[in-house]
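Given chain S, work out where chain X should sit, using these hints.
Below are the chains, spelled out letter by letter.
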Amino acid sequence: MIYVTRRAEFSASHVYHNPKLSAEENRRLFGKCNNPHGHGHNYTLEVTVAGSINPTTGMVVDLKELKTLLEREVLNLLDHKFLNQEVAAFATKIPTTENIAVEIWSMLAPKLSFGKLHRIRLYETPDLFVDYYGD
Amino acid sequence: MVYLTRRYRFCASHRLHNEALSDDANLRIYGKCDSPFGHGHNYALEVTVAGPIDEATGMVFDLVALDGIVEKEVLERFDHTNLNLDVEDFRARVPTTENVCTEIFHLLEDKLERGGPRNAARLARVRLEETNWNFFEYEGDSRPTA
Chain S
1273 MIYVTRRAEF
1283 SASHVYHNPK
1293 LSAEENRRLF
1303 GKCNNPHGHG
1313 HNYTLEVTVA
1323 GSINPTTGMV
1333 VDLKELKTLL
1343 EREVLNLLDH
1353 KFLNQEVAAF
1363 ATKIPTTENI
1373 AVEIWSMLAP
1383 KLSFGKLHRI
1393 RLYETPDLFV
1403 DYYGD
Chain X
50 MVYLTRRYRF
60 CASHRLHNEA
70 LSDDANLRIY
80 GKCDSPFGHG
90 HNYALEVTVA
100 GPIDEATGMV
110 FDLVALDGIV
120 EKEVLERFDH
130 TNLNLDVEDF
140 RARVPTTENV
150 CTEIFHLLED
160 KLERGGPRNA
170 ARLARVRLEE
180 TNWNFFEYEG
190 DSRPTA
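Chains as they are written, first to last, in the numbering used here: chain S, 1273 to 1407; chain X, 50 to 195.
It should be emphasised that the hints constitute simulated quantities derived from the structure, not laboratory data.
Be aware that one or more of the hints could be misleading.
To be verified - Okay, derived cross-link-like pairs now, DMTMM-like style, lysine to aspartate or glutamate, Cα gap no bigger than 25 Å in a straight line:
1. K81/X with E1318/S
2. K1388/S with E179/X
3. K160/X with E95/X
To be verified - If you want the footprint, here are the derived chain S segments under chain X, 3+ residues with CB under 8 Å:
4. 1274-1285
5. 1332-1341
From the three backbone atoms N, C-alpha and C, an ideal C-beta is built for every residue, glycine too.
One chain only, chain S, in its complex shape (with noise of 0.2 Å):
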């Protein structure tokens, strides 16, 4: 078993704010989070997929592939994006950290046609980053 990972980049703005509490609670709880208009971050993020070494090509995934899924499943939807109005999982869930990398996983699981995904790792800035296995 090899694990592969790619590394991208998006760019995105969110608020915490949890509606069932009061504005007292969201304050206490968030903090500057919580700030109404949002903040923005420059996430990278980190896909890792495990598989086998094909002994014709020598490769796991073919990269270009997963480029190619990234940006169509996951980049388009996130990048340059106010995540709480423009992204319909955040509706209703705050999009904290954990719940984009939870979020990003459900959209890439389905659609991998190789290897098995193995994790998702979202830097929200160099010095925070959330891992998720899927489970």
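Just chain X now, kept in the frame of chain S:
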């Protein structure tokens, strides 16, 4: 168990081309990586060894010994080479980064097991970055079939 990772770099060129396939198939599979003159990368290699902390030294693995082994087994062999033409292992095998990654693991595996203090450490992972946008990891649980 503590994991210790050391990072190295080497520069090499390669061409992704399988003689057993037609020119059309090679172009379809490898795209611009099939360009007949080859092309190069700055590879970043991470070698991870795992083991208990040696009580006498406080270390998992002697870094000077690790550097020496990686230098001799990997960097001297691969750095500033054309992988297809200069490295015996890739005369008959396409030097995809998958294959380079597993090859490095196998080159280091036995040597590292003999190089650790009290022989307790083992090679846990080889991680090879081809570009800033993709990398490959191998933990040695299967040998490549070609």
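We went through each hint and held it up to the structure:
Only pairs whose Cα atoms come within 25 Å are accepted, and K81/X paired with E1318/S is accepted, the gap being roughly 23 Å. For the suggested pair K1388/S and E179/X, the alpha carbons sit about 21 Å apart, so the restraint of at most 25 Å is met. Taken as a hint, the K160/X and E95/X pair is honoured in the structure, with Cα atoms around 16 Å apart against an allowance of 25 Å. Using a Cβ-Cβ cut-off of 8 Å, 7 residues of the region 1274-1285 of chain S lie near chain X, which meets the minimum of three, so the contact claim holds.
For the region 1332-1341 of chain S, the stated coverage by chain X is satisfied: 4 residues place a CB nearer than 8 Å to a CB of that chain, which reaches the threshold of 3.
No hint from the list above goes unmet by this structure.
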